[in-house]
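*Asks:* Chain by chain, the residues:
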Amino acid sequence: MRFLLVVLLFSVFSGVAQTANKLTISGYIKDASNGEALIGATVYIVETKNGGVTNEYGFYSITIPSADYTLHYSYLGYSTVTKTLTLDKNTRIDIELSSEAEQLQEVVVQAGVEQANVQNLEMSTNKLDIKTIQRIPSFLGESDLIRSLQLLPGVSTVGEGAGGFNVRGGSVGQNLILLDEAPVYNSSHLLGFFSVFNPDAVKEVKLYKGAIPARYGGRLSSLLDVRMKEGNSKKLEVTGGIGSIFSRVAVEAPLIKDKASFIIAIRRSYIDVLARPFVKLLQDGGALNFYDITLKANYNINPKNRVYLSGYFGRDNFKFDKNQGFSWGNATTTLRWNHIFNDRLFSNFTAVYSNYDYSLQFGRDDKDSFKWSSVISNYIVKPQFTYFINGNNELNFGAEFIYYNFEPANAVGVSNGQPTDVSIAKKYNLENAIYVSNSQKISKALSIDYGLRYSLFHYLGPDSTYTYGNALPGKRRLPITRKYNKSGDVIASYNNLEPRFSFKLQATDMASIKGSYSRMVQYLHLISNTTASNPLDVWNPSTNNVKPQLSDQYTLGYFRDIGKERKYEISVEAYWRDNQNQVDYVDGADLLLNRYLEGDLVSGQGRAYGIETYFQKKTGRLTGWVSYTLARSELKVEGINKGDWYPTRFNQTHNLKIAAFYEISKRWSFSADFIYVSGTPATFPTSRYVSQGILVPYNATESRGNVELPDYHRLDFSFRLEGKKEKNGRKRKNSDYWVFGIYNLYARENPFSIYFSQTDKRVPQGQPISSQATQLAIIGTLIPSISYNFKF
Amino acid sequence: MKSIIIKFAAASCIIIAAVSCETKINPELQAADPILVVDAWLNNKPGNQVILLTKTQSYFDNTLPPVVGGALVSVTDNNGMIFSFNEEPANSGIYIWKPIANEVFGTIGNSYTLNVQAEGEVFKATSKMGGSTPLDSIILKKNEPTQINPDFYRAQFYAKDLIGIGNTYWIRTYKNGILLNKPSDINVAYDAGFSAGGSFDGITFIPPIRGRMNPNDKDANDKALSPYVPGDSVYVEIHSVTNEAFYYLQQVSIQTNRPGGFSELFARPIANVPTNIVNLNTTGKKALGFFNVAAVFGKGQKFVKK
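Chains as they are written, first to last, in the numbering used here: chain X, 3 to 794; chain B, 95 to 400.
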């Protein structure tokens, strides 16, 4: 570890020394039509045959010797801009690129032509831009970010209706989901059918499945970085749509032209509005709806300072009547300040408040009622710096401070007039980290990125802690001692060094080999033992009894462009992950409202490995990709499956996804996707017995996940019709389009689970009981949809 | 807590329920050797006490379970008293202890050991008889009809948990003299609530436990039936069970009460239900089932026609 630090410092200082007589070109690259910063746009210098890429805020900086240069500014789908200049002083060049208007719109997964995936140091990442997401055939016609992600290699789900997603054999709770830097704790509306992100307000989505940069940490398996639009800084723009589930509208406009702008986007499900006249429940105070509001504003104070304020508020409401029901939602606020210290030192300061809560309420009168709410909230401060040392070194360093406040349960039950407080004490935690990393070009062929993150986690008082007695492996442990810790006490602390390393070896102009190693640490645990995660799952911090999860991931990949114009791209990546301190549960574990929860948790090892192959056609009338993943994800916990490795509930051996987009004419286009994945594991009984007149299943082999469910496959397609561009011979100001789609075209009843039970009939005493197996398909038919979208 | 999740799932399905579907299937299952099952739930109700010895059968074998005859079955208490359970000559596999005069089985506070010698192996299990709690009343109420709950009569029993942490109960209901005994009828309480970590102590059982005495049945057209109608009679018993027996019954409920549909999204992993029957020879065959000695309070009520 110390060696790495020395190397790092050395390279930084040598970098500084080298740049003594060099000059810097820096600036922002934006979209000419709306002023949105372009992330990952490239600057290519013809003379030196290298260049730079814009960061998450659209900023680039290149340091080179004084000379005459020709610069190409480009971004896929946009016209390239060429600049020539004589570099004799540090120069700021802000560029606006125009999208290639007359060309048929095409779908882009990986941005960048000259800085294509092959030449980028990054691996194990996938970008989806919003235009692609809007073209993927969708469930009930609602474009959805998380459902779209599931078409990418290495990403899977346990089935329809299940919330979240699984990346490289990791659980749903091992993904860090950031919406403009704010963590989102539950990414789903209506269980898992829709995600909380409004596509009208999203600019770009990037999924890191491995080789996660040192500036991020806190989850084991992936980072989903969702960036919101900044809002049109040129003119007022209104977009919206009417779908089967949501109605949406987004307004964006300049506050001060080219200096300040905002966007506000609102979605609401409207089935309850339509149904209200016919459904008495809804008139009586019942509710069934979900909605979200996304807003963002930014102000360009001067060329060196820019501030952004973004917020999200979403909620799901299910009420049986006025007094009974459920409600849950996320709220986030992010304030960011981009400050350019000088041409080479870019900084961003972020302050975040993020909150997830749910509440439920039962009981028709005050004599018998039950009210329960749970909250996780956090405050984050994150200073981040990028120092563009020279053409060969880019140094990132910074810190992150997070304060968590967990309220697992504020609950009061009233039984026959007698109230009982069954709340579970709040928990307070602090998670701090510092990081430094350098991205370095060693030679024309070899680039490396090396970094180190140091994280420190505290479990703070006041809280009561328990120690638990011993039990047989896999069985509940009972509390034996209780200790009260007062406010200010540090109850438990953990710290970890998290090295991150990656390299790229450019074999030829068209092919490269990349590899990485990263250690990730996760201090929060999503406690869930149901098949699909659900909104009532609680997050639990690491404590004196629950250790942080650790993961080491190794990846190796081969990337290649094909064709003169780099029309095709192919990649093969292999990964191996070793996980420690994975959380599993004793049989019959009680996870909700249980102050002795930790006695029901068991800890084990995990491992996940696989090969992801990806083939993409990037340009032309037909675009799309084929992705195939061969993988395995396993756990090993003492007392479960006789102590042997067993597959996780979301293990899928084969995972094939095909997405295709075809421009039929200027107005009509066609999209289709096909999914074929192997069944997830299930446990089947061997035998049955009768206990007190009830038929109990029994698995004599004592194994877990001993059977695979039948394979899952599905074909979806959609047609998109662009509205007329002209009306009465004149160009229309508005644009609109219709989407007609069918989900699950051949109406396959894909199994979600198979369960075993006795038949529902009452059996007279002394008569035999019948047993049955039932296969459940969450979606057992084809689902047509239609939606109308507009923009003016 | 599971009931909350099921309610929650029920609420969620309203929107999309129409598209889900269930099919009965016949998957091939692994074969397994039959093993002994001991069903020994004894109590202090007047009358005979019965222990059943059967064997496991393959899961789709829809016949009566095979019986285990010719075993030696007895229960001893901590004072050395022996209760012999003798096999019924006409009913193999059924072992009965018959009281003399008004004698009842068991004394609150005593510990009991079950001994079973069957098929050349010796099995033991222990249980302690804890105190139960009396019922105050059973009340029938007509629901205000809503869309989710139609015009039903539902009953609730009222009883208070004994003071002190860690009392566990099994509540059993007889409707018109017939024991309600479907997986969805299993009704267990830890103190007045659902679990040890929840700590409702010394108060009236919480509403979901009071209301679980309502049977959940459908008519020939698959329409839900009112749990009770005026004129029905009902009898509710509260059995004291050991904490271990509580966890056993809770696991039986989790593993057998599968209403299907969207609740499967929140199904917990399939696992074997535990047992307290131990083979003295640790390398010998395992056994399944449970041994518990309960104290019982009961109360009946006839719902009058108005």
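In short, the hints are calculated from the structure, not lab data.
Be careful, since some hints might not be right.
Example chain X residues on the side facing chain B (calculated, C-beta under 7 Å, incomplete) [as the list claims (entries may be wrong)]:
#1 G163
#2 S425
#3 T532
#4 N536
#5 W578
#6 Q582
#7 D589
#8 T685
#9 T688
#10 Y700
#11 N701
#12 I780
Glycine included, C-beta positions come from ideal geometry on N, C-alpha and C.
*Asks:* Run every hint past the structure and note whether it holds.
*Replies:* Hints, one by one, checked against the model:
| no. | hint | in the structure |
| --- | --- | --- |
| 1 | G163 | holds, 6 Å |
| 2 | S425 | violated, 10 Å |
| 3 | T532 | holds, 4 Å |
| 4 | N536 | holds, 6 Å |
| 5 | W578 | violated, 26 Å |
| 6 | Q582 | violated, 22 Å |
| 7 | D589 | holds, 4 Å |
| 8 | T685 | holds, 4 Å |
| 9 | T688 | holds, 4 Å |
| 10 | Y700 | holds, 6 Å |
| 11 | N701 | holds, 6 Å |
| 12 | I780 | holds, 5 Å |
Violated hints, listed in ascending order, are 2, 5, 6; each of the other numbered hints is respected by the structure.
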